[in-house]
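Participant: Those protein sequences? They're chains A and B, same order as listed. Just so you know, we're using my numbering here: the first sequence kicks off at 1 and counts up by one. Just so you know, we're using my numbering here: the second sequence kicks off at 1 and counts up by one.
In short, the hints are calculated from the structure, not lab data. The beta-carbon is built from N, C-alpha and C at its ideal position, and this holds for glycine as well. Some clues are possibly wrong.
[Stated by the list, open to error] Covered by chain B, per the in silico footprint, the following chain A stretches (three or more residues, Cβ under 8 Å):
#1 172 to 181
#2 227 to 235
[Unchecked claim] Calculated cross-link-like contacts (lysine-lysine; reagent style PhoX-like; alpha-carbon spacing at most 20 Å):
#3 A:Lys152 x A:Lys141
#4 A:Lys69 x B:Lys80
#5 B:Lys68 x A:Lys176
#6 A:Lys141 x A:Lys107
#7 B:Lys87 x A:Lys141
#8 B:Lys108 x B:Lys80
#9 B:Lys80 x A:Lys107
#10 A:Lys252 x A:Lys69
#11 B:Lys108 x B:Lys87
#12 A:Lys69 x A:Lys107
#13 B:Lys68 x B:Lys80
#14 A:Lys152 x A:Lys192
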Amino acid sequence: MTEVNESGMNRRGLMRCMGWAGVGALYTLASGGLSSIGLDEALAQTPRPANTKPFTFLQISDSHIGFDKAANPDTRGTFMEAVAKAKALPTGPDFILHTGDISHLSKDDQFAEAEAIISEIGVPVFYTPGEHDMLDEGGGKAYLARFGKGTKGTGWYSFDHRGVHFVALVNVADLKPGGMAHIGEDQLAWLKDDLAPLGSSTPLVVFAHIPLWTVYADWGWGTDDSAQALALLARFGSVTVLNGHIHQILQKAEGNITFHSARSTAYPQPAPGAAPSPGPLKVPAEQLPGVLGIRTAAFVRGDTPIALIDSSLA
Amino acid sequence: MFARRSILTSVVLLSLTAGPLAAAPGPVAAVTIRNFAFVPAILTVAPGTTVTWTNTDEDPHAPAANDKSFRSPALDTNDKFAFTFTKLGDYAYFCVMHPHMTGRIVVKAP
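Chain A extracted, bound-state conformation:
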């Protein structure tokens, strides 16, 4: 089953796309095929002229390797199914964003297993941690040791790919009593500096684990200081915010910013407020593949700025 979500082609969207195509026309297309970039290389780059050749990337989220309870006794198996689905795509993605909860309990063997499985797709993977990845004694040091090379602070970074600026935010570190997810002053200051040199027509993709809009405060499904981050994003014509954490597809648009929550590859969670609490939701075994999945994101020149296709494992 596939669900396509595209921004409506209203006047503003059309203008935005035309503007984007126009920007692309100022630059020459890079020669050669798709060049996948590693994080170190991406971090070493300064912003460069846009190249609007169409490309796709994947979002995979909430693999929870190590979880083995009733809601899904085999999270390794369903993660491998997700990887098989990614490998079978007609258009190979340039890279993958994993939006956190890679592991269930931050154990190094869980991180290692997840990394081994996802690496079979054969393209770079850009990670951001979930709260389940911060549970080692060092409060995230195990995650950083494996996935955080070249990142700043608790693991944030940015990179550019074919004219699109990607920003990985960490909103699961050092959380405050009574609050929700949190970005923090240091990261916000970095974000301000990171975005400063970019023109407003640069398409942005921002990814973090917990939603950057308040989906449901009673369950902590939101980010305390997201308004400060969104204020920095407001001047850009096309901003796509991708997250995981809530294990279900949800969308929201606010000005030029669209928010998209992805499915998990491990287990579903209840719709906001539909149960006494969040947490693993057990569905009949035959229904499980239909509520797990991956997401393909396509940048198509002259088309809508970004097209997201959520594919279940069914």
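Based on these hints, arrange chain B on the given structure of chain A.
Facilitator: Chain B in isolation, oriented as in the chain A frame:
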């Protein structure tokens, strides 16, 4: 005063039936983590009481004091964490994974 003492007593009795904790030298009390909440949310104990948190959710949780006086490692389903409160005080705590989950341990002379 009477009401508080009887609540305390019932908590202690409940805990004594839990098994290994009966061997603890001082008084004991229990907090259950259920449906992303600490139950009871406010627990009043005497100094020297060992409080044990038990996670009954399928999601892990990690209670920690706001003032950092105690911090549990992540508790998977049915895992327990115990801390002995020796000093009088009002200890606000939260789950470091799900910070909207909050509770208090009030340590008062009996």
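Participant: Return the numbers of the hints above that this structure violates; sort them in rising order.
Facilitator: 2, 7, 8 and 10
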